[in-house]
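Same order as they appear, the protein sequences are chains B and W.
For the first sequence, my numbering begins at 1 and goes up steadily by one.
For the second sequence, my numbering begins at 1001 and goes up steadily by one.
By construction, these hints were calculated from the structure, which means they are not laboratory data.
A hint or two may mislead.
What the hints assert, rightly or not - Here are the simulated DSBU-like cross-link-like pairs (lysine-lysine), alpha carbons at most 30 Å apart as the crow flies:
id, chain 1, residue 1, chain 2, residue 2
1, W, K1049, B, K41
2, B, K66, B, K14
3, B, K14, W, K1058
4, W, K1058, B, K41
5, B, K14, B, K41
Stated by the list, open to error - Sample of chain W residues at the chain B side, in silico, Cβ under 8 Å:
id, residue
6, V1019
7, S1028
8, S1030
9, Y1032
10, Y1039
11, L1048
12, R1077
13, P1079
14, I1083
15, G1106
16, G1107
17, G1108
Said to hold, decoys possible - Non-contacting residues of chain B with respect to chain W, defined by C-beta distances greater than 10 Å in every case (computed):
id, residue
18, I12
19, D27
20, Q42
21, E63
Every residue gets a Cβ at the ideal spot worked out from N, C-alpha and C, and that includes glycine.
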Amino acid sequence: GAVVSQHPSWVICKSGTSVKIECRSLDFQATTMFWYRQFPKQSLMLMATSNEGSKATYEQGVEKDKFLINHASLTLSTLTVTSAHPEDSSFYICSAREPGRYGYTFGSGTRLTVV
Amino acid sequence: AQSVTQLDSQVPVFEEAPVELRCNYSSSVSVYLFWYVQYPNQGLQLLLKYLSGSTLVKGINGFEAEFNKSQTSFHLRKPSVHISDTAEYFCAVSESGNAGNMLTFGGGTRLMVKP
Chain B
1 GAVVSQHPSW VICKSGTSVK IECRSLDFQA TTMFWYRQFP KQSLMLMATS
51 NEGSKATYEQ GVEKDKFLIN HASLTLSTLT VTSAHPEDSS FYICSAREPG
101 RYGYTFGSGT RLTVV
Chain W
1001 AQSVTQLDSQ VPVFEEAPVE LRCNYSSSVS VYLFWYVQYP NQGLQLLLKY
1051 LSGSTLVKGI NGFEAEFNKS QTSFHLRKPS VHISDTAEYF CAVSESGNAG
1101 NMLTFGGGTR LMVKP
C-alpha cells in the first residue's frame, strides 16, 4: 500500500529558531498533501493543503508566514516552522491522498518541542 | 461543509467484551466515511472506509462499521476487544467524488481496554 514517510519523528529546538519537517510519499506520487496539527488529547486540525508546484492553501487562522509549506516535487512536501516559540510545540502530521483510490495515508508524525 | 461528532470522548471496556464507538456526521452533500486508529506518538492508520455499496464495512483488526444514511451515522464495532486495541479512534468524512478534498475529523474517542 501507499506509504508516507515523515521525519524527524521528534525535535527539540530553541525559541527563535526554525525547524523543517519533511513528508515523502515513498511509492506513489502525491499531487496533494495535507498538514495537520494535533494538541494533546485533541483531534487533528487541518493547517494547510499543499499542492505540487503551486502555493499552499492555508486554513483560516493559520499564519502562512510562520508555517511555510513547500511542495516542490510530487514526492516531497515540507513544513517549516519559522521563529518557533513554545506555543508552537505540538504534534504535526502530514497526509497524502492515495492515487486512484479514495483514501489518505498519514505520516508517523513529528513531535515538536520548543524550549 | 461537513462536520463529525464522536459522542464519547472515552470508552472504558473490559478485555473480550464488545465495543461500539459512535460517530455522527453532518453534510449537505454525499460523503465518504473513514475510521482511523492512532497509537501514542504515531500517525493515523486506516481501519476501514465507506465509499459506496454495502453499508456494512469490514476493516482490519476485526473492526467493522455500518453506514446509516437516515441517521447520518457510521458507528464502529468490534465483538471482542483486546488490550492492544487501547488507542485513540477518529471518525472522518470527506466529500464524495472530489479527488482532492480534505478530511474532516471528529474529536476522537479514547478506547481503554482493561484486563
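Hints violated by the structure (numbers, ascending): Of the numbered hints given earlier, those the structure breaks are 3, 6, 7, 8, 10, 11, 12, 13, 14 and 20, listed in rising order.
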